[in-house]
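Given next are the chains, with one letter for each unit.
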Amino acid sequence: MNETDMRRRLIAPAAGGLAALGAFVFGSRPAAAQGADARAALAAASMIEEVKRRGTLRVGLSTFVPWAFRNRAGELIGFEVDVANRLAQDMSVRAEFIPTAWDGIVPALLAGRFDAIIGGMSITAARNLSANFTSSYSANGVDMAANKRLADGMVTLEAYNRPNVTIAGRRGTSAIVAAQRLMPRATFRQFDDDAQAILEVVGGRAHAMVGSMPRPLFAVLDNAEVLFSPFPQPLMRQADAMAVRKGDPDALNFLDNWVLSRQLDGWLPERHAYWFGAREWRDQVPG
Amino acid sequence: MAWRRRRAVAMQLLQFGLFLGLLAWLLVGGAQGMGYNWQWVRVPRFLFQHVDGEFYAGPLLKGLLVTLHISGLAMLLTIVIGLGVALLRLSGSVAGRWLAVGYIEAIRNTPLLVQLYIVYFVLAPVLGIDRFWAGVLCLAVFEGAFAAEIFRGGIQAVRMGQWEAAWALGLSRGRALRHVVLPQALRVMLPPLAGLGVSLIKHSAIVSVIAVFDLMNEGRNVISDTFMTFEIWLTVAALYLCITVPLSAGVGLLERRLRGHAA
Amino acid sequence: MLGVVGWVGWRAGGALNYAWDFGPVWGFVARHDPQRGWVANLLLQGLLTTLRVSFWAGMIAACVGVLMGIARASRPLFPRLVAGFYVETIRNIPPLVFVFVFYFFVSSQVLPALGIEDWIRRQPPGTLWWMEVLFGPPAQAAGVFAAILCLGLFEGAYVTEIVRGGIQSLPAGQWEAAGALGLSRRRTLRLVILPQAVARTVPPLTGQAVSLVKDSSIISLVSIQDLAFMGNEVAATTNRVFETWLVVALFYFILCVTLSALAARAERRFAIRLRKPRPSLTTTPPGFTWSPTTTAAAISARCMTG
Numbered sequence: 003m004n005e006t007d008m009r010r011r012l013i014a015p016a017a018g019g020l021a022a023l024g025a026f027v028f029g030s031r032p033a034a035a036q037g038a039d040a041r042a043a044l045a046a047a048s049m050i051e052e053v054k055r056r057g058t059l060r061v062g063l064s065t066f067v068p069w070a071f072r073n074r075a076g077e078l079i080g081f082e083v084d085v086a087n088r089l090a091q092d093m094s095v096r097a098e099f100i101p102t103a104w105d106g107i108v109p110a111l112l113a114g115r116f117d118a119i120i121g122g123m124s125i126t127a128a129r130n131l132s133a134n135f136t137s138s139y140s141a142n143g144v145d146m147a148a149n150k151r152l153a154d155g156m157v158t159l160e161a162y163n164r165p166n167v168t169i170a171g172r173r174g175t176s177a178i179v180a181a182q183r184l185m186p187r188a189t190f191r192q193f194d195d196d197a198q199a200i201l202e203v204v205g206g207r208a209h210a211m212v213g214s215m216p217r218p219l220f221a222v223l224d225n226a227e228v229l230f231s232p233f234p235q236p237l238m239r240q241a242d243a244m245a246v247r248k249g250d251p252d253a254l255n256f257l258d259n260w261v262l263s264r265q266l267d268g269w270l271p272e273r274h275a276y277w278f279g280a281r282e283w284r285d286q287v288p289g
Numbered sequence: 003m004a005w006r007r008r009r010a011v012a013m014q015l016l017q018f019g020l021f022l023g024l025l026a027w028l029l030v031g032g033a034q035g036m037g038y039n040w041q042w043v044r045v046p047r048f049l050f051q052h053v054d055g056e057f058y059a060g061p062l063l064k065g066l067l068v069t070l071h072i073s074g075l076a077m078l079l080t081i082v083i084g085l086g087v088a089l090l091r092l093s094g095s096v097a098g099r100w101l102a103v104g105y106i107e108a109i110r111n112t113p114l115l116v117q118l119y120i121v122y123f124v125l126a127p128v129l130g131i132d133r134f135w136a137g138v139l140c141l142a143v144f145e146g147a148f149a150a151e152i153f154r155g156g157i158q159a160v161r162m163g164q165w166e167a168a169w170a171l172g173l174s175r176g177r178a179l180r181h182v183v184l185p186q187a188l189r190v191m192l193p194p195l196a197g198l199g200v201s202l203i204k205h206s207a208i209v210s211v212i213a214v215f216d217l218m219n220e221g222r223n224v225i226s227d228t229f230m231t232f233e234i235w236l237t238v239a240a241l242y243l244c245i246t247v248p249l250s251a252g253v254g255l256l257e258r259r260l261r262g263h264a265a
Numbered sequence: 028m029l030g031v032v033g034w035v036g037w038r039a040g041g042a043l044n045y046a047w048d049f050g051p052v053w054g055f056v057a058r059h060d061p062q063r064g065w066v067a068n069l070l071l072q073g074l075l076t077t078l079r080v081s082f083w084a085g086m087i088a089a090c091v092g093v094l095m096g097i098a099r100a101s102r103p104l105f106p107r108l109v110a111g112f113y114v115e116t117i118r119n120i121p122p123l124v125f126v127f128v129f130y131f132f133v134s135s136q137v138l139p140a141l142g143i144e145d146w147i148r149r150q151p152p153g154t155l156w157w158m159e160v161l162f163g164p165p166a167q168a169a170g171v172f173a174a175i176l177c178l179g180l181f182e183g184a185y186v187t188e189i190v191r192g193g194i195q196s197l198p199a200g201q202w203e204a205a206g207a208l209g210l211s212r213r214r215t216l217r218l219v220i221l222p223q224a225v226a227r228t229v230p231p232l233t234g235q236a237v238s239l240v241k242d243s244s245i246i247s248l249v250s251i252q253d254l255a256f257m258g259n260e261v262a263a264t265t266n267r268v269f270e271t272w273l274v275v276a277l278f279y280f281i282l283c284v285t286l287s288a289l290a291a292r293a294e295r296r297f298a299i300r301l302r303k304p305r306p307s308l309t310t311t312p313p314g315f316t317w318s319p320t321t322t323a324a325a326i327s328a329r330c331m332t333g
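Residue numbers (my numbering), protein chains in the order written: chain A, 3 to 289; chain B, 3 to 265; chain C, 28 to 333.
Okay, chain A solo, but in the shape it has when bound (with noise of 0.2 Å):
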């Protein structure tokens, strides 16, 4: 009577015990398999995955000569809209473009408005702590228009690094921070498109204006009368890429691949020399 009822006793604890360590094996899968899971779950969060489930890529970019703008029918036109045309055919989906403020492009991507910036950012430190660069596919530099009158003989840094030195810029822009960092003592106005700091140095308000090259040369050509460059070479170099938001690898990694494939057979190359070279596309623009 005693053994039987110590083994009934004993039945209850021993199946729970059995039970536990059947749960431990069975459940707790080995570190390979949830590796497995987390890598899953990241690249199910990808914004390539994101981009092939929606059927459309959604490009954030903003209205620059000769980057993105409007043509004569109002349609968007310019390098960064037949790149991110080009990527978005690659990828079998449509492209779909949300014309958003400069100054307010970064926070508009880390918010989830659109998946990439494609509008001709340049990279810098600043922007790089909340956003990731894929591999630059186009080369730049901060250039400046001057006004013949006002700025007549200034061909130095120092001739416009003084307080009573006006220069005009588009907010947000890498090229104001280049020229707020060499020339700290000049005036900055800044504004909210490039063609209103274009008009603020052709009438006379601002002594230059500072912008990505090539806009203050096309600003120049077009203003020949009122408008000159005083720097034959750029004031600052920089490099153009596309923006993503952080934490995405495979975003990053298919991105750079692109841009490497594109450079390599050729298509990068002619579709930046045919905006950014002779303005052939000139006819499409009004005015």
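To be clear, the hints were calculated from the coordinates, so they are not data collected in a lab.
The beta carbon of each residue, even a glycine, is placed where N, CA and C say it ideally should be.
Possibly wrong hints are sitting among the right ones.
[As the list claims (entries may be wrong)] Residues of chain C clear of chain A, computed beta-carbon distances all greater than 12 Å:
no., residue
1, Cys90
2, Gly153
3, Gly170
4, Gly192
5, Trp202
6, Gly209
7, Arg213
8, Arg214
9, Thr215
10, Arg217
11, Leu286
12, Arg295
[Unchecked claim] No farther apart than 20 Å at their CA atoms in a straight line, the calculated lysine to aspartate or glutamate pairs in the EDC-like style are these:
no., chain 1, residue 1, chain 2, residue 2
13, C, Lys241, B, Glu151
14, A, Lys54, A, Asp258
15, A, Lys54, A, Asp250
16, A, Lys150, B, Asp132
17, C, Lys241, B, Asp132
18, A, Lys248, A, Asp258
19, A, Lys150, A, Glu160
20, A, Lys248, A, Glu52
21, A, Lys54, A, Asp92
Following the hints, complete the assembly by docking chains B and C onto the known chain A.
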């Protein structure tokens, strides 16, 4: 019983406090859900810096001073324009009346932003004035239309008997206006004019579009450099409220005191 | 005065050797597409966006304004405080600051949370066509929704004050008589107060509608492609700053004047309705005195006829 009513009021105030707390919690929680990185620690240096016992105003405070400067100058110009147009409207000449009405209707039916662009790109080069004065001019012209209506209402509120007595005394129209009618009209016009002052400070934010270094423009510049969107915008809004809320309260007080003296 | 006009004219003529050229600007209003005939170009598209945003923001402002206005005119402290907080905050903030903050908050928090853009993309073409008519191109719909919400909440504060003024302008006797009849607060509002308040609030509300159209130009600064935004683009593209802004100002002027004319007509219709000498709750015919009995009789007559 008084204590029961006081307790009811206290309960309502407590409910309101909870409501405000809920709003704040929603805002913070929502921003955190987006993965927003609050950096309030970096904000004070844009307001002021205390270095070696010296007080340096940061860009936001400097912008606030410019805002007040522009608003003050625009207010003076507004009063001049408003009075002039009101007198023109009440005058005998048909051309003057048409001009005044045309001006008021044109201003009241176009947005301030469009008026600013026109003043800055078209009028400013013609008149040879810089962007600060273009902003002052635009604000004064805009608010002047509303001021003109206030002045006209105030002048017309003074009883006809006052004009007649002035004429009987041999005062010319201009002197009657200056010594008899306007001082009495002032009582009616002062509260709306003070309200116009508050409105002017609010609308002064628009001059940031033409890159005047006012509070709004400085705020946007700081944000584009640091990406601290929420913190800076909340600070800018708080600075504006610091100016406008006391002014509005003052207007309300003025209104109540002047109504007590109703003639 | 003639001197001032003369001086301005002399400077304008001398300093501004301007070659007037409206051609490119009209081209951006409408252009001739070889296949589709006359097609609306940038400026007209901007005008349509302005109309859409103003309309929907007006609807939101009306709803919010009526609710908050009733809250502001109520007796308990809590609704008054909440509505008062809302109204005073918005009335004391520059419209530009409010639009920037709130638009950024809504478009970066609320809209992605609601998944609006995905929902739009999943709709069938028929629905998409209707959405395009009502709200504009689907690609920009999310931003337009945010702007509508922004503007609606902003103008709602001013509508609140108008509604509150309308409610509080009614004599206290109306409330007392309704209370004497045993009507609850909600039924009093619905059957007695609001119908009378409507007639009084319509004129200032129409003025507020014109204000709404003008304030909508601010959303161009958050990149909503309305008329002011398109004005900037066209001015930059064609380099004809003067002509572009004159045309844009003309469009806004026509829009606002039309609204004001409609408003004046609505005001006259409400005034006519007020003048009908029926012993209803909205008018007092001559020789008729309001007493609790007569008020009660009128109210019960109104209740029974619905």
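Cross-check of the supplied hints:
Once the 12 Å rule is applied to beta carbons, Cys90(C) is consistent with being away from chain A; the minimum gap is 27 Å. At roughly 19 Å from the closest C-beta of chain A, the C-beta of Gly153(C) stays outside 12 Å, upholding its exclusion from the interface. At the 12 Å boundary, the C-beta of Gly170(C) falls inside the reach of chain A, the nearest C-beta of that chain being 8 Å off. Distance check on Gly192(C): its Cβ is at least 37 Å (rounded) from any Cβ of chain A, clearing the 12 Å threshold; non-interface status holds.
No beta-carbon of chain A is positioned within 12 Å of the beta-carbon of Trp202(C); the least distance is around 48 Å. With a closest Cβ-Cβ approach of about 54 Å to chain A, Gly209(C) is found to remain outside the 12 Å limit, as its non-interface label requires. For Arg213(C), the shortest C-beta to C-beta distance to chain A comes to about 41 Å, beyond the 12 Å cut-off, and the non-interface label holds. Non-interface status of Arg214(C) relative to chain A is upheld: no Cβ of that chain comes within 12 Å, the nearest being about 46 Å off.
Even its closest Cβ contact with chain A, about 46 Å, leaves Thr215(C) beyond 12 Å, as expected for a residue assigned away from the interface. At roughly 42 Å, the least C-beta separation between Arg217(C) and chain A is larger than 12 Å, which holds for a residue marked as non-interface. In this structure Leu286(C) is separated from chain A by more than 12 Å, as the shortest Cβ-Cβ distance comes to about 27 Å. With a cut of 12 Å on Cβ distances, Arg295(C) stays outside the contact zone with chain A, its closest approach being about 41 Å.
With a C-alpha separation of about 19 Å, the suggested pairing of Lys241(C) with Glu151(B) holds against the 20 Å cut-off. For the hint linking Lys54(A) to Asp258(A), the alpha-carbon distance of about 18 Å falls within 20 Å, and the restraint holds. Only pairs whose Cα atoms come within 20 Å are accepted, and Lys54(A) paired with Asp250(A) is accepted, the gap being roughly 15 Å. Restraint check for Lys150(A) and Asp132(B): the C-alpha separation of about 19 Å stays at or below 20 Å, so the hint holds.
Between Lys241(C) and Asp132(B) the alpha-carbon distance is near 26 Å, which puts this suggested pair outside the 20 Å criterion. A hinted pair counts as satisfied when its Cα atoms are at most 20 Å apart, and Lys248(A) with Asp258(A) qualifies at roughly 15 Å. For the proposed pair Lys150(A) and Glu160(A), the alpha carbon gap of about 17 Å is at most 20 Å, so the pair holds. At most 20 Å may separate the alpha-carbon atoms for a hinted pair to count; Lys248(A) and Glu52(A) meet this at roughly 15 Å.
Distance check on the hinted pair: Lys54(A) and Asp92(A) sit about 11 Å apart at the alpha-carbon level, within 20 Å; holds.
The structure does not agree with the numbered hints 3 and 17 stated previously, though it agrees with the rest.
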